[in-house]
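K.L.:
Residues per chain are reported as follows:
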Amino acid sequence: MNDPNHIRSLQERIALYEDMQAYHALYDLFFTNLHRFCFSFVKSSEAAEEIVSDVFIKLWQIRNKLMEIANLKVYLYQIAKNFCLNYITRHFKNPVARLDEIDIEAVISLDNPEELCISADIINTIQQTIKQLPPQCRLIFQMVKEDGMRYKEVADILHISVLTVRNQVAIAVKKIADTLPASIGLQYNLKGTR
Amino acid sequence: MTEERVWYLLSVQLSGEATPEELEELNTLLQQQPGLGLRADIMRNIWKSKQAREAVPASASRYDKHLQRLSNHLAQPALQFDAEAVDAEPEMETVPQRSRLRWLWLAAGIAASVLVVFLVFAPGGKTGGKPVASNTISTRPGSKSKVELPDGTQVWLNADSKLTYAHNFLGNTREVTLTGEAYFDVAHVNSPETGQRIPFIIHTSSVDIKVLGTAFNVRSYPGEKTIETALIRGSVEVTLHNNPDKKIVLKPDEKLIVKNDNATIVSNTPADSPGAADNVPMMTLSKIHPWKEDTTTHYETMWVKNKLAFENETFDRMLPELERWYNVSIVLKNESLKGLHFTGVFENKSLAEVMEALSLARGFHYEIKGAEVIIW
Chain A
1 MNDPNHIRSL
11 QERIALYEDM
21 QAYHALYDLF
31 FTNLHRFCFS
41 FVKSSEAAEE
51 IVSDVFIKLW
61 QIRNKLMEIA
71 NLKVYLYQIA
81 KNFCLNYITR
91 HFKNPVARLD
101 EIDIEAVISL
111 DNPEELCISA
121 DIINTIQQTI
131 KQLPPQCRLI
141 FQMVKEDGMR
151 YKEVADILHI
161 SVLTVRNQVA
171 IAVKKIADTL
181 PASIGLQYNL
191 KGTR
Chain B
1 MTEERVWYLL
11 SVQLSGEATP
21 EELEELNTLL
31 QQQPGLGLRA
41 DIMRNIWKSK
51 QAREAVPASA
61 SRYDKHLQRL
71 SNHLAQPALQ
81 FDAEAVDAEP
91 EMETVPQRSR
101 LRWLWLAAGI
111 AASVLVVFLV
121 FAPGGKTGGK
131 PVASNTISTR
141 PGSKSKVELP
151 DGTQVWLNAD
161 SKLTYAHNFL
171 GNTREVTLTG
181 EAYFDVAHVN
191 SPETGQRIPF
201 IIHTSSVDIK
211 VLGTAFNVRS
221 YPGEKTIETA
231 LIRGSVEVTL
241 HNNPDKKIVL
251 KPDEKLIVKN
261 DNATIVSNTP
271 ADSPGAADNV
281 PMMTLSKIHP
291 WKEDTTTHYE
301 TMWVKNKLAF
311 ENETFDRMLP
321 ELERWYNVSI
331 VLKNESLKGL
341 HFTGVFENKS
351 LAEVMEALSL
361 ARGFHYEIKG
371 AEVIIW
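Those protein sequences? They're chains A and B, same order as listed.
Everything in the first sequence is counted per my numbering, starting at 1 for the first residue and increasing by one.
Everything in the second sequence is counted per my numbering, starting at 1 for the first residue and increasing by one.
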């Protein structure tokens, strides 16, 4: 998903040749991350899947204009975000759905304790810490860590400044680091620690 | 404060956004503060943790589901040319107002994209559908008909055509046999036992067309050198009877023409001279184009809207169409006219009007005597 040349070539094949294989490849390339992104908003796997599907329907509908899109990845996330906000407005009867008013359920992956060289208790603490981050901070952290997005891309998708993105990621890292054991002596499992 | 600075520097490093100076500063600080090293390492490992993937269903079925939604979405306007602009895209609310209209037009145009598969067949193939206890729907020359099959599939049957389906139509497959021309809007049906989509298979004299839920036109008249299938949306898989291992999957706006050696010349079509059939390639893949005056429509499916349409069609191929459309027989007495090409659309025109227009365009003579037309 983070190889711009690959995305660009799929984009071209769809735009110029209506290449269904390229379309399929693009779908597979983005599904997991877009699904996670949408899930953070709508908190339902089925709804998130439908929104991702809608995003790709839209993509097919505008395939002739696809070459005009400079960064397709950002564009897909932007549509997904808009569809999610629409969904929330419709589904929860909220008069306004603004990004900073929505509770984001971040999906941050953590390996098992052995691989991270920390105890299960600490994993729980980390998860609690992530849950307590402000919603927007959680979303930004997820997009940078899980989707491997550049700050600029996150900023473009969420319509915020690059500085905000950088600060929010720093806050998330600091909050998590604060919950980690400061000393090696507290570790249950020292193996694998260098 | 140093510690805070370390976490900031670590966050930009992990994000891949750090400058070389920042990286150097981070290394220096971590050397000065060995107590932070462990937490920094754990943080790095956390960052690298990979997402567990089992949460989402298997990729293939998910994409199938998406394709189905896509085709359903594009489907609505496909045969409802008049109403399409009104509610083609309820999901488009997010599009800024100024570009909304453009989206609708785009959507409408795309929705009407028609994929046409022309299939004709090489010698030695067996003839189409199996004889079973069955229902038959047929149309006479000069008339058209629309039927709904037990599964909800809509079928428009062009003149002089026949559609047969078995009594046990709604089993684990849905199979029909077609002679002539029909436009299908195949309903999407899941098997109650397996939950799998039940395929819809159309047998013609030379090819079988398998679809999961899509709309398309099939033209398979026994008297013609070609069998054609026009796909409006979705995708279809075509199997040649004489080469069942080879499956051809078509994309929107493509037309596949396959030679039909099963053709039995029955009408008094300007007879195919010996060797004429050999001029038809075994298989040709080409693009189809929308009608200039209404880009939501393609020539191949205009008959559904009661329009008689020809796109760069040769005269000898047009005549059988005219014969079926008006239920007349046409005698061509001047062989040299066979190669003429015509493009045009007739809506609600009488045979006399059509013949007059054609003769004016190409300067031939004709006479209509009851149900017979003589051209020279």
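Read the hints as simulated data drawn from the structure, not as lab findings.
Keep in mind it's a predicted model, so treat the numbers as computed, not measured.
Errors might be hidden in some of the hints.
[Stated by the list, open to error] With a straight-line Cα cutoff of 25 Å, these simulated PhoX-like cross-link-like pairs (lysine-lysine) come out:
hint, chain 1, residue 1, chain 2, residue 2
1, B, 307, B, 349
2, B, 307, A, 174
3, B, 65, A, 152
4, A, 43, B, 65
K.L.:
Are the hints correct? Go through all of them and say.
P.N.:
Hint by hint, here is what the structure shows:
no. : hint            : result
1   : 307(B) - 349(B) : 9 Å, holds
2   : 307(B) - 174(A) : 70 Å, violated
3   : 65(B) - 152(A)  : 33 Å, violated
4   : 43(A) - 65(B)   : 20 Å, holds
In summary, the structure is inconsistent with hints 2, 3 from the numbered list given earlier, while agreeing with the others.
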